[in-house]
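The listed protein sequences correspond, in order, to chains C and W. Numbered per my numbering, the first sequence spans residues 276 to 907. Numbered per my numbering, the second sequence spans residues -11 to 239.
These are computed hints drawn from the structure, not numbers from a lab. It cannot be assumed that every hint is accurate.
Said to hold, decoys possible - Pairs of lysine-lysine, BS3-like flavour, derived with a Cα cap of 30 Å:
#1 K63(W) - K869(C)
#2 K900(C) - K203(W)
#3 K396(C) - K277(C)
Claimed, not checked - Selected chain W positions facing chain C (Cβ under 7 Å, derived; list incomplete):
#4 I64
#5 P65
#6 V66
#7 Q160
#8 I164
#9 G173
#10 T176
#11 P177
#12 P180
#13 S196
#14 L199
#15 E206
Note that CB positions come from ideal geometry on N, CA and C, so glycine has one too.
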Amino acid sequence: MKTIYKLLIAGCLLITVAGCKKDWLERKPQTIILEDQVWNDPKQILGLLANYYDRLPTDLGVDGNWRNMADYDDAMWSGYTGEDGRNNIISYAYSRWAYWDYTLIRDINLALESIEKYSVKLTDVQKKQFSGELRFIRAYVYFELVKRMGGVPLVTKQLIYDFSGDPSSLQQPRVKESDIYDFVGSEMDAIREDLKNVDDKGTPSNSRANKFTALALKSRAMLYAASIAKYNNLMAAPITLPGGEVGIPASKATEYYTKALEAAKEIITSGAFALYKGNPANLGENFYEAVVKKSNNKEAIFVRDFLSAKNKRHAFSYDNIPLGIREDNLSSSCVTPSLNLVEAYEYLDGSNGALKTNLPDNSDYIYYNNPEDIFANKDARLYGTVIYPGTSFKGRSVQMQAGVMKWNGSAYQTIEGSQLGAAYGPPAFPDGDGKLLTGSSGPHRSIQEVTNSGFYLRKFVDAGAGTSTRGILSDTWWVWFRLGEIYLNAAEAAFELGQTADAATWISALRERAGFAPNSVTSATITMDRIRNERRIELAFEDHRVWDLKRWRIADQVWNGQPNNPNATVYALYCYRIIRPGDAARDGKYVFVKLTAPRFRAPRFFQLGNYYSAIDQGIINNNPKIVRNPFH
Amino acid sequence: MKLNIHLSISLAALLMLAACTKDNYDPPGSTLTGRVVYQGQPIGVRTPAVNNTGTSTTGGVQLELWQRGYQLFTKIPVYINQDGSFSASLFDGDYKLVRLGGAPWQNNTDSIDIQVRGSMSIDVPVIPYFTVNTPAFTFNKSDTTITGTFTATQVVAGRTVESASISVGSTQFVDIINCVVSRNGSATPGAPASITISVNPARYPAASQDLIRKKLAELLQKQYSYLRIGVKTNGVGESVYTSVQKLDLKF
């Protein structure tokens, strides 16, 4: 035979011999994982936990729903005109804020049962820890459900259909609103010691649940329940359902406030956390870092973290950086804070935060040497939250000027250009003085992707180099809980329980961090309005405003849709350079004009039917035992 | 053979073309119209502002239509116009008309059975908490104000008036939300009341009122406006309104 054939036959025999494995037909599949493989491997359970943590809902965020920041009264939309509907929300849909993620609830219930059933190789401590974290996530989801929908079906085990044709055993009715809050509270008590996730030095994890995370959730949930118990019943017609699915009896308010206060106090006195004060030289930057900086931040309790190195990134900086300093060629300036929020920050002497643009008798403007002078001596949290004229970000100054005002002998003539960064000179203005007309970062009345309100967002926007490009993106985290909120929870609960001195201490501590003198608020001067305002300015854009207005039952008055109501409209502040040759006291200085933001069209309108969102008809079709929410 | 192929292709094409109708479902042809009435008189309400975000309704005052006999339920919202009338385009069938809560009338969850067979009209009886009667408006040239006089009448005992309002609009659709400027006042049921509102732009000097100044200036230039009086019941979101009246604003 030819050699080649001999070689081939030899080769084939060799391969066949080598291919003979013992149980070649009994190999394990590489693509199927069995239950007892998952539940006995801590790494796989951790992978599942990561997925569940990621599915926690929020109305705002640095990804997902972040555009909702522009839908209320703290900010407006100045980005791409396709989203201008956010400046023209005639009324909030009854389905807004609706949430019904029982898929996640079921996933968690299944996980809990599987750990009980299959986890034989895990230690008791490990099993309790994983179960505790799962129960934390589940309780958090129920808290999100109850704060949006009222009482919901409380399902804590798998529901399995028997395919008999009758699903009525699966149809759970809604439980009382107070029952869900009680469930959240009792779950946190039950799991707090099992959660661990505290390292050897005693530093709690800020991305996995531990005892302090449980206490933080408890303090917030109990505070919400207490407010509803109190303020719902103070309404002329309390919003209730006969079965208690909506509405909490007023008698429960004290009990809930007490629980909220205890939980908050335990976090504050534990010593595990401290208000961030890492930058005492610049208190404004300090506040920005308190929310955004990841290293050496003992204020963050629980965050949703991102990591560029592992490609978990987001485009929040790309979308919100000021136009004049953007690093990419598209987007920027989407969510821009309102004058309403800026004026909520007080002056450091405790006086009202309204900006002084005109003389008290309205005879003339007040002239400022530099644009930032009008914001002098304001609460440092303003700088940390908002980029205002005259300030810089990422080491680059943000040039904001709306136009010039030229004195013509008897009155000012307001001149605004149509090109950003343009000078006041030829060809458009042949007799101009050649100096700046419009800032490179606006504001402008109509151009998209430049601020319409005269301010830019600083909080959560990444100051790292290149992070506003689509290539690099940003990995700033989203804060679920931080110590600042816990102070506010404690202060509000203490105040409602009559412990005004303690409440004043915590509020003063937050204010001291913002540049106020120590004890700027005492038990004689503390009021509920002051606590509410502190909550608004400290926690701006951290997903609290809507829920706070809802639980205090003032949302329908603050956002009542009426054109006369300054709280329902978003205002802007435009800066103008004065041209008045011969008048040294005025020429070249800056004046400010307050106006309704030009792109803002419809006053915010929150109706009684928005306090509890509409339950989708599809859910009621599946489960006729579900009672509709009021007004829908 | 070639002929056959050509024929088959043409036949197939003809068949496909014949099957091409735009929809295989006729649109509903019967119109249900009606008014919400009390003692035979229609009740004025806020113009519905139907928001196009999502499929859920967004307020205003509405009735619901439900139809039994199908596997699932979908409500048909019937928005009530500002003069108390409504209309809905329906298929023939038996419906239940339900009065939804949140309106300025007594909550009544009884449903009204309607048999729709062709176009029909129906009056839906309600009992409002208050009615507003005898509205009259005058324009005071001297101080550029508008005075509205009216009488609020109590219909349901035990309810109180939270406030009365006068709304000045530049279009025929006016209410406390949809207006240039509005003002709240008080009203004692049973006694005549009046509210005066200024339409002089100079009387709205605050920085937050720049848009109101602008729109009032336009209104005075137009030399007429549309007005309504509303009465809001304590604890109820929506107000009950008078009919819209046009008023000349001539100096």
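Checklist entry - Which hint numbers does the structure go against, in order from smallest to largest? => result Per hint list: 1, 2, 3, 4, 5, 6, 7, 9, 10, 11, 12, 15 violated.
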